[in-house]
Amino acid sequence: MAEKTPSQDKTFALLSALAVAAEPLTAKTLAEQTGLPLSSVYRYLSTLSRWSLVQERQSGYYAPGPMAVQLAAGFEQHNSMLTWARPLLSELAVRTGESAALMMLSGHRALCVEMIDSSQALRCCYQKGQSQPLRRGASAKVLLAFAGNTLRNSVLASLDDAEQDLMLAELARVREQGYAVSEGELDSTIWGVSAPVLSGRDHLLGGISLMVPAERVGTLAGQWIRWTCEAAQRLGAMSY
56 MAEKTPSQDK
66 TFALLSALAV
76 AAEPLTAKTL
86 AEQTGLPLSS
96 VYRYLSTLSR
106 WSLVQERQSG
116 YYAPGPMAVQ
126 LAAGFEQHNS
136 MLTWARPLLS
146 ELAVRTGESA
156 ALMMLSGHRA
166 LCVEMIDSSQ
176 ALRCCYQKGQ
186 SQPLRRGASA
196 KVLLAFAGNT
206 LRNSVLASLD
216 DAEQDLMLAE
226 LARVREQGYA
236 VSEGELDSTI
246 WGVSAPVLSG
256 RDHLLGGISL
266 MVPAERVGTL
276 AGQWIRWTCE
286 AAQRLGAMSY
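Here the sequence shown stands for residues 56 to 295, where the numbers follow the working numbering.
If you're looking for bench data, these hints aren't it; they were derived computationally from the structure.
None of these values were measured; they are calculated from a predicted model.
Errors might be hidden in some of the hints.
To be verified - Pair by pair, the computed Cβ-Cβ distance ranges are: (1) L93 to E146: 46 to 56 Å; (2) S114 to L70: 19 to 29 Å; (3) Y97 to H258: 36 to 46 Å; (4) W106 to H163: 20 to 30 Å.
Glycine included, each C-beta is placed from N, C-alpha and C at the ideal position.
Using the sequences plus the hints, can you model the full thing?
Below, the structure is given as structure tokens:
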């Protein structure tokens, strides 16, 4: 007999779907994305709306509500790693002339919680608050590689056997070398490197990523990989 999903998990599945959506969604779309009955979607949306976590922006369309602003402000105010990360990201961005980001796990996604943009006109168009699935791109793969087995197995479960074998081999390489590199996996023009931020007990806290227009990488790749890894190691040491 299949294990029943708790109602609170279903509620937060809806909230997560709204959080990553590019625009407000209808209840019908939310039902399709989450696999929940439409009647349940309306019931959970009603609960979230009472707590201002969800707001009906226009007739029949839903988006994150004003309480989300307070949650984001609380996260930034009380997360010491963000405070420590900002000068390291700024230093990395200045040294390379490129965009540097702090990424964290958010469910089955890699979430950008801080971003220092490149000063150059041509740069990666990634933004703070943007997220991506844990299957493509250096940021996602480094988080998945160093995450716990439960999350990794859950993400891989959606792949067929051949895809799982390829992904497991790639994640093993990432763990062995201590960083992930990708080019063109999310955007055909972008090269990226990401290194894990680990506590003293090798607990995954996040990842530092460098995002670069591929045409500017050339012979600088090795140096940029080294600097990104150094920044991640320094942040991990601060978070011990």
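Hints versus structure:
Between L93 and E146 the CB atoms are about 50 Å apart, so this pair conforms to the stated range of 46 to 56 Å. Look at S114 against L70: about 21 Å separates their beta carbons, and that is inside 19 to 29 Å. Remark: the range hint 36 to 46 Å for Y97 to H258 is upheld by a beta-carbon distance near 39 Å. Between W106 and H163, the C-beta spacing of about 24 Å keeps the proposed range 20 to 30 Å intact.
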